[in-house]
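**Q** Sequence:
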Amino acid sequence: MSKLSLFISIILSWLIATIIHSVSFRWDGINFSISSILELMPLFLLTGAFIAIYFAIIGGAALLVMRKLKCYRRYHYILAGVLCSLPMLFSGEVEWQIAAILSGVISGILIAFVGVRAHAT
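The opening residue of the sequence shown carries number 24 in the numbering used here; numbering runs sequentially from there.
Treat the hints with care, as some may be off.
[What the hints assert, rightly or not] Ranges of calculated distance between the beta carbons of each label pair, as one might list FRET restraints:
1) 73 x 136: 31 to 37 Å
2) 29 x 61: 28 to 34 Å
3) 80 x 28: 21 to 27 Å
4) 67 x 31: 18 to 24 Å
5) 88 x 116: 27 to 33 Å
6) 113 x 55: 22 to 28 Å
7) 50 x 109: 30 to 36 Å
8) 66 x 96: 36 to 42 Å
9) 90 x 67: 30 to 36 Å
It is worth saying that the hints were derived from the structure and are not from the lab.
These numbers were taken from a predicted model, which means no experiment stands behind them.
Ideal Cβ placement from N, Cα and C applies to all residues, glycine included.
Sequences are here, hints too, so could you generate the full structure?
**A** See below:
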């Protein structure tokens with residue numbers, strides 16, 4: 024796994040997770056349209072900052088554990104994405120639980136197929 028491809032896959036997964044969680048604000052009752060996106064930009068930026076901190080702490084720890092245990096197969100990364108989203112399941116709201124699992128799976132898939140070389144799996 025090269026550092027550049029890992030960096031690109033982490034940025035892509037952060038962007039996708041931010042979009043998924045921002046859309047879940049709509050499910051949570053905040054009505055917005057294309058014209059009101061500029062008004063909600065601070066909310067999106069705050070969501071992106073929270074997800075970046077979450078990725079750094081939880082995702083960084085997951086990558087370190089995976090490196091220590093030598094778990095380099097693609098399904099390990101997908102499983103790590105799902106496992107990293109498990110703490111969000113205790114939020115109590117269904118829309119946030121769905122968003123957490125969906126972003127965990129998609130982030131794991133992005134890291135597995137963009138960040139990991141094909142011959143390493």
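**Q** Each hint should be assessed against the structure and marked as holding or not.
**A** Going through the hints against the structure:
Our hint of 31 to 37 Å for residue 73 and residue 136 is violated, since their Cβ atoms are close to 25 Å apart. The supplied range of 28 to 34 Å is met by residue 29 and residue 61, whose beta-carbon atoms lie about 33 Å from each other. Distance hint for residue 80 and residue 28: a CB-CB separation of about 22 Å, consistent with the stated range 21 to 27 Å. Checked against the hint of 18 to 24 Å, the pair residue 67 and residue 31 passes, with Cβ atoms roughly 21 Å apart.
For residue 88 and residue 116, the Cβ-Cβ distance of about 29 Å falls inside the hinted range of 27 to 33 Å, so the restraint holds. A C-beta distance of roughly 27 Å is found between residue 113 and residue 55, which places it inside the suggested range of 22 to 28 Å. Checked against the given bound of 30 to 36 Å, the beta carbons of residue 50 and residue 109, roughly 20 Å apart, lie outside it. The hint said 36 to 42 Å for the Cβ distance between residue 66 and residue 96, and at roughly 37 Å that hint holds.
In this structure the hint that residue 90 and residue 67 lie 30 to 36 Å apart at CB holds, the actual value being about 32 Å.
The structure fails hints 1 and 7 (numbered hints given earlier, in ascending order).
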